[in-house]
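These are the residues of each chain, in order.
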Amino acid sequence: MSEASESSARQLATDARDRVRFEEEALDLSDQVYGVARRLVGSREEAEDLVQETYARAFRSWRSFQPGTNLRAWLFRILTNLNIDRGRKVQRTPDLQPLEESDYFLYNKLEENAGDGAPDERRVVERLSQNDAVTALADLPHDFRDVVLLVDLADFTYSDAAQILDIPIGTVMSRLHRGRRMLKGTLATAATDES
Amino acid sequence: MSGFAFDPCDKCEQMMQPYLDRVLSDVEIKEAEEHLDGCEYCRKRYRFEVEFRTFVRQAVAEPMSQELKEKLRSLRTPL
Chain A
1 MSEASESSAR QLATDARDRV RFEEEALDLS DQVYGVARRL VGSREEAEDL VQETYARAFR
61 SWRSFQPGTN LRAWLFRILT NLNIDRGRKV QRTPDLQPLE ESDYFLYNKL EENAGDGAPD
121 ERRVVERLSQ NDAVTALADL PHDFRDVVLL VDLADFTYSD AAQILDIPIG TVMSRLHRGR
181 RMLKGTLATA ATDES
Chain B
196 MSGFAFDPCD KCEQMMQPYL DRVLSDVEIK EAEEHLDGCE YCRKRYRFEV EFRTFVRQAV
256 AEPMSQELKE KLRSLRTPL
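Chains as they are written, first to last, in the numbering used here: chain A, 1 to 195; chain B, 196 to 274.
Please keep in mind that the hints were generated in silico from the structure rather than gathered at the bench. No incorrect hints appear here.
Partial selection, computed: residues in chain A whose CB lies under 7 Å from chain B:
| # | residue |
| --- | --- |
| 1 | 23 |
| 2 | 34 |
| 3 | 39 |
| 4 | 59 |
| 5 | 137 |
In silico SDA-like pairs for lysine to any residue, Cα to Cα no more than 25 Å straight-line:
| # | chain 1 | residue 1 | chain 2 | residue 2 |
| --- | --- | --- | --- | --- |
| 6 | B | 266 | A | 71 |
| 7 | B | 264 | A | 49 |
| 8 | B | 266 | A | 15 |
| 9 | B | 206 | A | 157 |
| 10 | B | 266 | A | 42 |
| 11 | B | 239 | A | 178 |
| 12 | B | 266 | A | 49 |
| 13 | B | 225 | B | 210 |
| 14 | B | 239 | A | 181 |
| 15 | B | 264 | A | 85 |
Which chain A residues stay away from chain B? Per the calculated CB distances, all over 10 Å, these:
| # | residue |
| --- | --- |
| 16 | 67 |
| 17 | 86 |
| 18 | 167 |
All of these numbers come straight from a predicted model, not from anything done at the bench. C-beta: ideal position from N, C-alpha, C; glycine also.
Sequences are here, hints too, so could you generate the full structure?
Shown next, in the form of structure tokens:
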């Protein structure tokens, strides 16, 4: 083998090794990717399609990933972009209803609703239902939900979320703030209606 | 300048989410923690917020199917 072809063979082997490593690392993150995808869309089937598309695209464009940078953020960027490309319904900017004044209001409401029957304070959270949480999250306008999912479910920092969604960090903070309040508002109503 | 009483619990409430998100400065963290140490009202609400985050995470979690896992593996580049 000539020196040139030897070096290009070596290059190919290195490429293949990097590629395998990249694919394995990406696959290790699939539970997290699915977890968020499932809440971005309305059904399990759609979520499965979205995750497959995400990985197909990630594997196809692996060369555009710069080793040493944040693979998890890179994958989630593909996921959220694909989700937007799927042509989710254009949503009118929601009429911004006044938020509950207080961050403590969900707790206060649950405590108040428990009456004087010496509620076990430590388990106040148990008065919330799992289904209500799923519905409340699904009901968030998607701009707000995207941010809440990335920060509260996938544990991204504000700045990672800003890069993933390609929005300013201040927008991440205000959507997060608002999204969390809306979520709590819905849950407060649901919990007090049911009891 | 009086008339606007400074309520440390209001301040604590405003700092609660940023505190839990770990985005406060060292000075602010110290301030929040000193208040929480001495205030049962806010401490209860702090404990609730911690549990609430865990609750939401668990409530909306749905594991992916083994089939999907297999499908994703099959998308890898053949060697």
